[in-house]
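Colleague: Each chain is listed here by its residues.
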Amino acid sequence: MSKQTTTTTSEYAFGRRAFLGGSATVIGAFVLEAAPATKIAEAIGAAQVAAGANTAVNGWIAINADNTATISFGGAEMGQGIMTGLAQAAAEELGMSWSQIHTQAAPAAQGYVTGGSYGIRGHVDQMRVAGAQAQAVLVSAAATAWGVSPSACSVANGIVTNTATGATQTFAQLASAASTLTPPASPTLKSPSSFGIMGTSAPRTDIPNKVDGSAIFGIDVVVPGMVYAAIKNCPTVGGTVSGTPAVPAGASAVVPLGNAVAVVASNTWAAMQAARNLSVTWSVPAGNQSISSASLLADAQSLMATGTPGTPIELQAGDAPGAFAAAPKKVEATYQVPYLPHVYMEVLNCTVSITPTSCEIWASTQAPAWIQATAAAMTGLDPSAVTVHATLLGGGLGRKIELDYVIQAITIAKTIGKPVKLTWSREEDMSHDQYRPAALMRVRLGMDDAGSVTSYGVRHVSQSPLFQRGWTGPTGNDNTDGAADVAYQFPNALVEYVMQKSPVPVGFWRSVGVSMNCFAVESAIDEAALLAGKDPVAFRRTLLAGKSRELAVLNKAADMIGWSTPAAAGVGRGIAFSNGFGSLAAVAVEVTKGGTGGTMAVKNVAFAVDCGFAVNPNQVEAQIQGGIIQGVTSALWGQTTFSNGQASSRNFSNSRMLLMRETPAITVAIIQSGIDKIGGIGEVGVPPIAPAMANAWAALTGTRARTLPFYPGATMSD
Amino acid sequence: MPQWGVIEQGAHVEMTVMKFNINGKSVTVDGDPSMPFLWAVRDLVGLTGTKYGCGIEICRACTVWVDGSPEKSCDMSASEAVGRTITTIEGLSATPAGAKLQQAFIDLQVPQCGYCQSGMLMAATRLLSGGGVPSDAQIDSAIGNICACGTYPRVKAAIKKAAGAGTPVTTPTTKPTTTTTTTRSTTTTTRATTTTTRPRATTTTTRPKATTTTTKPKTTPTTTKTTTTRGDD
Ligand code: FES
Ligand code: FES
Numbered sequence: 001m002s003k004q005t006t007t008t009t010s011e012y013a014f015g016r017r018a019f020l021g022g023s024a025t026v027i028g029a030f031v032l033e034a035a036p037a038t039k040i041a042e043a044i045g046a047a048q049v050a051a052g053a054n055t056a057v058n059g060w061i062a063i064n065a066d067n068t069a070t071i072s073f074g075g076a077e078m079g080q081g082i083m084t085g086l087a088q089a090a091a092e093e094l095g096m097s098w099s100q101i102h103t104q105a106a107p108a109a110q111g112y113v114t115g116g117s118y119g120i121r122g123h124v125d126q127m128r129v130a131g132a133q134a135q136a137v138l139v140s141a142a143a144t145a146w147g148v149s150p151s152a153c154s155v156a157n158g159i160v161t162n163t164a165t166g167a168t169q170t171f172a173q174l175a176s177a178a179s180t181l182t183p184p185a186s187p188t189l190k191s192p193s194s195f196g197i198m199g200t201s202a203p204r205t206d207i208p209n210k211v212d213g214s215a216i217f218g219i220d221v222v223v224p225g226m227v228y229a230a231i232k233n234c235p236t237v238g239g240t241v242s243g244t245p246a247v248p249a250g251a252s253a254v255v256p257l258g259n260a261v262a263v264v265a266s267n268t269w270a271a272m273q274a275a276r277n278l279s280v281t282w283s284v285p286a287g288n289q290s291i292s293s294a295s296l297l298a299d300a301q302s303l304m305a306t307g308t309p310g311t312p313i314e315l316q317a318g319d320a321p322g323a324f325a326a327a328p329k330k331v332e333a334t335y336q337v338p339y340l341p342h343v344y345m346e347v348l349n350c351t352v353s354i355t356p357t358s359c360e361i362w363a364s365t366q367a368p369a370w371i372q373a374t375a376a377a378m379t380g381l382d383p384s385a386v387t388v389h390a391t392l393l394g395g396g397l398g399r400k401i402e403l404d405y406v407i408q409a410i411t412i413a414k415t416i417g418k419p420v421k422l423t424w425s426r427e428e429d430m431s432h433d434q435y436r437p438a439a440l441m442r443v444r445l446g447m448d449d450a451g452s453v454t455s456y457g458v459r460h461v462s463q464s465p466l467f468q469r470g471w472t473g474p475t476g477n478d479n480t481d482g483a484a485d486v487a488y489q490f491p492n493a494l495v496e497y498v499m500q501k502s503p504v505p506v507g508f509w510r511s512v513g514v515s516m517n518c519f520a521v522e523s524a525i526d527e528a529a530l531l532a533g534k535d536p537v538a539f540r541r542t543l544l545a546g547k548s549r550e551l552a553v554l555n556k557a558a559d560m561i562g563w564s565t566p567a568a569a570g571v572g573r574g575i576a577f578s579n580g581f582g583s584l585a586a587v588a589v590e591v592t593k594g595g596t597g598g599t600m601a602v603k604n605v606a607f608a609v610d611c612g613f614a615v616n617p618n619q620v621e622a623q624i625q626g627g628i629i630q631g632v633t634s635a636l637w638g639q640t641t642f643s644n645g646q647a648s649s650r651n652f653s654n655s656r657m658l659l660m661r662e663t664p665a666i667t668v669a670i671i672q673s674g675i676d677k678i679g680g681i682g683e684v685g686v687p688p689i690a691p692a693m694a695n696a697w698a699a700l701t702g703t704r705a706r707t708l709p710f711y712p713g714a715t716m717s718d
Numbered sequence: 719m720p721q722w723g724v725i726e727q728g729a730h731v732e733m734t735v736m737k738f739n740i741n742g743k744s745v746t747v748d749g750d751p752s753m754p755f756l757w758a759v760r761d762l763v764g765l766t767g768t769k770y771g772c773g774i775e776i777c778r779a780c781t782v783w784v785d786g787s788p789e790k791s792c793d794m795s796a797s798e799a800v801g802r803t804i805t806t807i808e809g810l811s812a813t814p815a816g817a818k819l820q821q822a823f824i825d826l827q828v829p830q831c832g833y834c835q836s837g838m839l840m841a842a843t844r845l846l847s848g849g850g851v852p853s854d855a856q857i858d859s860a861i862g863n864i865c866a867c868g869t870y871p872r873v874k875a876a877i878k879k880a881a882g883a884g885t886p887v888t889t890p891t892t893k894p895t896t897t898t899t900t901t902r903s904t905t906t907t908t909r910a911t912t913t914t915t916r917p918r919a920t921t922t923t924t925r926p927k928a929t930t931t932t933t934k935p936k937t938t939p940t941t942t943k944t945t946t947t948r949g950d951d
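Going down the list, the protein sequences come from chains A and B.
The letter at position 177 of the first sequence is residue 177 when you use this note's numbering, and the numbering goes up by one with no holes.
Counting the second sequence from 1 gives a position; this note's numbering is that position plus 718.
Take the hints with a grain of salt, since some may be wrong.
[What the hints assert, rightly or not] Computed footprint of chain A on chain B, listed as stretches where at least three residues anywhere in the stretch have a Cβ under 8 Å from a Cβ of chain A: (1) 743-753; (2) 775-784; (3) 799-810; (4) 854-860; (5) 869-881.
It should be emphasised that the hints constitute simulated quantities derived from the structure, not laboratory data.
Ideal Cβ placement from N, Cα and C applies to all residues, glycine included.
All chains should be built: construct the whole structure from the sequences, respecting the hints.
Modeller: So this is what it looks like as structure tokens:
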């Protein structure tokens, strides 16, 4: 079985050859672009992107002396299987068996940015081309040695065979000669029907290290002579430190960081204790102290009533207001979703070592390229002197695309003149997140007497992560994903986005806008179906008429839950459909009143997804399972509230998480409509869960829940 | 000696020499005895497989065995660990039930990000150590660990697979051994090819404070393919 390797500091220092191992021969180099992150990149700062532009090679295929290959590139492996999936694509065209493949996170600071469920679908073709190019030069080397045409050679399991004579040479024997050849620009790729590695559930390369404690996450990094830092962020949004506090007992330094203070000590515990107990004087902008959930909601309600939508309008077809006014049957409902912390298991951390001529950074990050550019600017070093090691991530969910914790660590290292590992406590992590925005969404659906939808309108009010970061592009940001691009066909449609502004930091949370709008739209569709006296699945089928892929997904989910037969007594069923990230999804759920005190318990979840092509079906299933569980957790309990300008979330004690005993039975069906339709998976599991739960609850109890979470204020204890 | 950094300010706390028995090895560190064992094992001993998740005894990412019982290491001071037999994830493969469960986690591709998996495995292995196939209810009550990635269905399936596969029960080992890689390579074909390239250099060569003495190696108990389902302590 192949596996993922991690590299030591000294190995990195000697560059690519040493990094790949002394006996490895690089036979292919490729470039993975960061296209999907452009908007975020622009928002975070154009200078950083320019300096970290993906113009250089950032991936390699090397043949090792033992006739294995090492495929290295800079993706952020946070459990979504990106290292494995992309290596499968290269290995497929390279002509080796999966057992001959190793993967390695490239040390390249040019590593691209991982987000938008883009990791596989955005790079799979580039990886296939890289693999095919590598095979082409290997075959060419063999053909030259034998004095035959390349077409007289066949390839399997890393061995080239002369089909006329039966002579063979291994890739390892050919690698040196092959490395001097120029690969074809556009090699012929395999037909999907002949795939042997892509489309299989190849075992993930990063898993063996994750069952014996040897996997190195950012929080596990140790470098010689390093000290440990912990953070105390200003508890109130927007506040800054005024004056540097004295160094407390047990600590060696205090470093002011603008909106935070770092405490340095000889171990993590000492640093966290000292930071926790540190008394700091903060200067808070006027008005921020009074920010509360109530004030934020009142602001959103006022914008809902009278705010001016951004232009151009997100979606406009026909005369939706006119059709709504004229409709004999109508649904008008306002849905509310909360600010959400990310809540991955590995807290934010970053390790930095700076010398006069170099800067090395180890981080749990989704954006190594941006880190390189940022560190170069902060240290005055050339970007080539900055090495960023993207470690394994103990979850990212969009939060680890941000640079705040990295910038803090660089500043601390510069200030104290020693290598340092910064680790945020769980409390700091949850209370200083960049939250999924809260949103108010008013949905208007007008129907004729027969129950056909004549008008679809969504007015969405929320903060924009992009605009908060200074992005100045046109409207059309992530916030209306899931509302402006619904699969349903409506003769009249209007989707407006009204931007709310507040100092509350907002960011990119797994599925961003779709997670908000899918709840509103799929709940409202259900309300309309009930008003029209129609079955919710049949109602959706009508709206998807003629769309065979969408219908297949919807019908599959309904079939899996047994929609055509009545639910058992005491069980409510709900359905929801979702599209986003290039994939189609439908989920049917069954709920009961089996939770504590008669609250909602989710018993069964049947999820159908069409992602075009599943490079690794087992990992597609895993991502959907995980998305469902995160979707259930956040729908039941997920939120951060604000009072006195401070976030409420602190730890799992007031951010309840679904446990194994509360986990529903889950079935996942993967529909593959073709590799030309390949879609994302990482975020696809989350959005339809909350509306399906609300729809099921309404079916069970007659009560419509239009506000998330269903059970605010949930707690956990040991 | 501890390093206090270049900025010599602030008072030092009291340091104590503490001797731990971890995974069959004797390890001596110099540190604050009130520090949670979680941080002692990670920062002072240098075994980073035990994870920090919450620090308040809820998430169970920090689970280790103390005298054979799963305990949250954030809830135990370093001084409390002295004189006890500690097993961490790094020593789990030396227990037959642990090795089986690790293989089941690989076979069923359980981990996603992997961060919670050390704690999961420490809790799950103990559940198997009693022998027999645990019921769903027993698994649910033994695994109170938080997994933000949502690996619960696969964790449960892996526990059942490990419990149901193979034949019980041979002589239990009373302590974890020191030869974990040997154990792994002789019991698990899938993992056998993976052991040579597992680097730990960045985390093991640079710890300033831990002095490690290896106790006499025990014979690895798993060169046979029998299954031991109790006695992991
Ligand atoms: S870190 Fe110990 S229970 Fe969470
Ligand atoms: S595997 Fe990621 S938290 Fe459990």
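Colleague: If a hint holds in the structure, say so; if it does not, say that too.
Modeller: Status of the hints after comparison with the structure:
Only residues whose C-beta sits within less than 8 Å of a C-beta in chain A count toward coverage, and the segment 743-753 of chain B has 3 of them, enough to reach three; the restraint holds. Only residues whose beta carbon comes within less than 8 Å of a beta carbon in chain A count, and the segment 775-784 of chain B has 4; three or more means the coverage holds. Counting residues of the segment 799-810 of chain B whose C-beta sits closer than 8 Å to any C-beta of chain A gives 4, which meets the bar of three, so the coverage hint holds. Coverage of the segment 854-860 of chain B by chain A holds in this model, with 3 residues showing a Cβ closer than 8 Å to a Cβ of that chain against a need of three.
Check result for the segment 869-881 of chain B against chain A: holds, 6 residues qualifying (beta carbon to beta carbon below 8 Å, three or more required).
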